[in-house]
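Under this note's numbering, the first residue of the sequence shown carries the number 432, and numbering increases by one thereafter.
Heads up, a few of these hints could be off.
When the alpha-carbon atoms are kept at most 30 Å apart in a straight line, the in silico DSSO-like pairs for lysine-lysine are as follows [claimed, not checked]:
no., residue 1, residue 2
1, 888, 617
2, 582, 540
3, 617, 842
4, 858, 620
5, 928, 877
6, 636, 696
7, 888, 912
8, 858, 791
Quick list of simulated restraints, FRET-style, between CB atoms [unchecked claim]:
no., residue 1, residue 2, range
9, 793, 547, 46 to 54 Å
10, 728, 622, 39 to 47 Å
11, 614, 547, 27 to 35 Å
Honestly, the hints are just simulated from the structure, not real lab data. Glycine residues also receive a C-beta, built at the ideal position from the N, C-alpha and C atoms.
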Amino acid sequence: MNDRQTLWRKLRYVAAIVVLIIPLSMLSMPSSGSGTRNERSGGKLAQLRKEYKLSQTNLGEIDPASETMKLATLGMRGVAANVLWHRADTYKKKEDWTNLSATLEQITKIQPNFISVWQFQAWNLSYNVSVEFDDYNDRYYWVIRGINFLKDGIEYNEDDPVLLNDIGWFVGQKIGRADEHVQFRKLFKADDDYHNAEDPHRTQKQRDNWLVSRLWYQRAEDVVDSGRKSLRKKNPLLFYSSSSMALMNYADALIDDGVLGDEVKLAWQDADRAWTDYGDRPIMTSYGFHIHLNDLERKNQEAAEKRLRLEALAPEVTQAIHARLLAELDPPLREAWETPVDQRNEEQQHLATAAERTMKIPLAPLAKAIREASPQQGSEADRLARLASVAAEEARATQHYRDTVNFSYWKSRAEMEQTDDALLARKHIQEGNLALREASLIQALKLYEQGLDSWRKVVDRFPTLIDEGTTGDDLIEIIEKYAQIRSEAAIEEGDEKFPPEFPLRDIVERYDSEGKLRALLTLPGAAENPAEDAESPATDKPEPTPTDSPDSTPNETATPEAASETGDYEGRPPEPVDNAA
């Protein structure tokens, strides 16, 4: 009886297995005949892998005679990948670019969903391999090979924001910032194969590398904003700044290309709007809350307003604490604090700033003191202190994040470049360069002086740009060219020196680190009445007799260092960060 039951149980198991084979085969049947007329889509799992771009290597795309094929077919995919990585490094050292390219293709078949494969090897092609060639046409070819390699990665990792962002970076930064960027930008605009593959209707203007990079950045942003993919470990502050920075770089590149007028003005207007939109975007911080880069002033005002309301709950308490803190100040700090602002010297200004920080009452102790002095105001004091603390913390985080991307600089820069004075200044300087190429030194000098006068108006209107340093360095380059023109156009000794009314004296004194330009400055008023200095009565100096010999020693003149004693050089502030880079 027991043997009969065992037999029937086994038969039921066998029957169940046979029945389950049918649905399992429908689920797990692999696809076959890829790319042929006899292609079969396979089972449900194979169809899902194909739909979501999760399918792994097609063994038919690996060299059938290689060790990689043997390892892959035995389930040793990781070992096969290591063999290929080692082989790729060997080919790179030997500068065997053909075999390197073929090996990279095989690696992607083994590890198609490993993002770092595409990133590393694309960087290898565009940045490392390209520089091995002398001809910039060959270098450009390998840069595009790296970009296309990333685009192949998108086929296996659909809408991956990291790869999309990397493509934008390569198109923008590698083509637009390389030493050969002038040639690369021209080759990119003329690359019909690249542009027709992306958008056959793209115009010549739209083919600019910075505008194309912005399209890739925006595509990456759309993927994240729609919730299809996450940023993973990528910094959202830098990630979202890339598309608007691409427009900044585009407008800046137009200036380098010699484009002026309305086209440049419109480009900076677009960049300004994009930067404002970026400032309105919520950014998740490492502090655990969201910020908006445009909200710095509002958050500072909110924190100050809440503090004033807190202090107004018990003015006598606030005054008593202030009196105690003032009494505890060191005598130099207290003296600087009590000195009227308009009467403080430079040292006292620094001391007064330090005293102000010391005199600022912390919110928590202030709320506690008010609660002890006036218990009925305790809950309101705690609430205002908490709100003021939150607003102050958000303001500090906003300031920190703004500094990371140089938000204030680029905002002011975009506004400045749209002004008529800035456009006129660049127009005069460019026309001066054209006159210089035609060997018209007097005309070039005149145009440069007009351009420097216009830059003076720009500097007065946007003084914070000079504080950032980058604009100051740019102006120094223009002034150096102006000095070169004055030197070449000089007729008499001393003509190479700048006139007393030179409009950008403060820029030279601040940013001329080598002191060459400061040596050319003329002190204001030094040559206001040269005719009077030349006139002297005949009786003041007797005429030389025939026996007198002229003095062979030249009159002493002011040394170049003397002209530079009017101002000390200040170290230039850090330059703004480009993307992100």
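Hint check results:
no.	hint	result
1	888 - 617	35 Å, violated
2	582 - 540	15 Å, holds
3	617 - 842	29 Å, holds
4	858 - 620	25 Å, holds
5	928 - 877	15 Å, holds
6	636 - 696	15 Å, holds
7	888 - 912	20 Å, holds
8	858 - 791	50 Å, violated
9	793 - 547: 46 to 54 Å	47 Å, holds
10	728 - 622: 39 to 47 Å	45 Å, holds
11	614 - 547: 27 to 35 Å	31 Å, holds
The structure fails to meet hints 1 and 8 from the earlier list, while all remaining hints are met.
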